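**Student:** Okay, here's what each chain looks like letter by letter:
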Amino acid sequence: MNETAVVEVPRPEPIEPVERVMTWRDAVTPVSRASRRRWTAVYPLLLTGAGVAVAAPHLLGLGENSGVTFGLLIVMAVVFGMLRRGTRRLTAVDHPELDERDAFARAQAFRAAYPLLLTVLILTFLALFLVLLPEIDRTTREGPNITGSESGFFVTSVGLIGVLLWGFFWAVFLPTGVLAWREPDALERETVTRARGVSEPVRDALLASALAVGLGASLVDDTSFWVLALLLVVLAALGGLARRAAGEPALSAATKGGLGVALLLIGTAFALVTVDAGLLTWLVVLFVVAAGFTLIGLALKGR
Amino acid sequence: MGRKPKEEQSQLYNRLAVLRAERQLTRQELADAVGVNYQTVGYLERGDYSPSLELAFRLSAFFGLPIEAIFAREPFAPMSDQVYAQAE
Chain A
1 MNETAVVEVP RPEPIEPVER VMTWRDAVTP VSRASRRRWT AVYPLLLTGA GVAVAAPHLL
61 GLGENSGVTF GLLIVMAVVF GMLRRGTRRL TAVDHPELDE RDAFARAQAF RAAYPLLLTV
121 LILTFLALFL VLLPEIDRTT REGPNITGSE SGFFVTSVGL IGVLLWGFFW AVFLPTGVLA
181 WREPDALERE TVTRARGVSE PVRDALLASA LAVGLGASLV DDTSFWVLAL LLVVLAALGG
241 LARRAAGEPA LSAATKGGLG VALLLIGTAF ALVTVDAGLL TWLVVLFVVA AGFTLIGLAL
301 KGR
Chain B
1001 MGRKPKEEQS QLYNRLAVLR AERQLTRQEL ADAVGVNYQT VGYLERGDYS PSLELAFRLS
1061 AFFGLPIEAI FAREPFAPMS DQVYAQAE
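Chains as they are written, first to last, in our numbering: chain A, 1 to 303; chain B, 1001 to 1088.
Watch out, some of these pointers could steer you wrong.
[Claimed, not checked] Facing chain B, from chain A, some residues (calculated, C-beta under 8 Å):
| no. | residue |
| --- | --- |
| 1 | D99 |
| 2 | E100 |
| 3 | R101 |
| 4 | D102 |
| 5 | P184 |
| 6 | A186 |
| 7 | L187 |
Calculated from the structure, these hints are not laboratory results. Bear in mind that the values here come from a model prediction, so they are computed numbers and not experimental data. No residue lacks a Cβ here, since even glycine has one placed at the ideal position from N, Cα and C.
Based on the provided sequences and hints, a complete structural model is requested.
**Tutor:** So, in structure tokens, the structure goes:
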């Protein structure tokens, strides 16, 4: 029988569980790689759709300055925000918790993003010159009483800004997209129980449905209002469910107070603008104001 | 700087999960002890990441074991098999 040596292992100080308030942002942050990949695949489609809606709206059957374009930008901001939060430790510059693996993963993501960006830019210029930009002939003055002509592609200053913005959006998205696509599933904190209300596939399906229905309604109504309204409802619902699942009230006292004040202001402004409104309108205004007072009361009571 | 293992490259196997469990350490505790994020400990244990030489040495010093007792190019045999084989 061999003698066994007992090695004293230094034990670090025990770590206190982190107590923090669950927010709607936590509820929509993708944790699994599958969820991150779903949203990473969606963003280029949205960006391409927005690009086409601006550069060649007739291809999508849209008019000039369609509300869908703004709606697409709202959806893009939401999706990009989710991807950033899903990879936030790695995408934050000089994050105190970045270690050698994080730095390596980030460097690899940028390395992969460069050729992708180059490909996008080449395809963009091909599309511009082959499809989008009109070729024109113009008369040139080459001297007194001598004129010539030259042909070329015509691009307006607004169009040029659009192309620069297009490149900028891709340049900002691609490193984050590559990182979100590649990063393995994140580990749940051992010391903190994370309750999220609904599972990630359900959450993704709900959000995607709200965004798709909002965009569809915007196509019919030619306004981005529906995207924003549905998005806010779903975000609030997901946040509330996550907070309830984490054992917290669905709305914090601060949120109740803020919402109450907002409703009071909206109700008052509406009452001042529509003095000669009908009974139904006044009932709605009264309901909004009463809801505002109720929320403020609940906020004060909850403190 | 470490490298992410690729399929065509030989993977680096490790015993970190067993060693950590034997010492009843959480990932966070081990991570704090060797100066990395707790997620990185998880990725190391799962084989999603191969450590740099420096991190391998830090882990080796922390556990008080030679590097080859923690990392290997071939899968490790179960520790119980090795212990009982030595005992016999």
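**Student:** Are R101(A) and chain B close enough, Cβ to Cβ, to be under 8 Å, as the hint says?
**Tutor:** holds, 4 Å
**Student:** A closest beta-carbon separation below 8 Å is what the hint needs, so does P184(A) meet it against chain B?
**Tutor:** holds, 5 Å
**Student:** When the nearest CB of chain B is found for D99(A), is that gap smaller than 8 Å?
**Tutor:** Status holds, d = 4 Å.
**Student:** Does A186(A) meet its interface restraint, that is, does its C-beta lie within less than 8 Å of any C-beta in chain B?
**Tutor:** holds, 6 Å
**Student:** Does L187(A) pass the interface check with chain B, least Cβ-Cβ distance below 8 Å?
**Tutor:** It holds, given that the least Cβ distance between L187(A) and chain B is near 4 Å, below 8 Å.
**Student:** Double-check E100(A) for me: the hint is only fine if its C-beta lies closer than 8 Å to a C-beta in chain B.
**Tutor:** Hint holds; E100(A) Cβ to chain B Cβ min 5 Å, cut 8 Å.
**Student:** Report holds or violated for the interface hint on D102(A), using the least CB-CB distance to chain B and a cut-off of 8 Å.
**Tutor:** holds, 7 Å
Taken one by one, the earlier hints all hold for this structure without exception.
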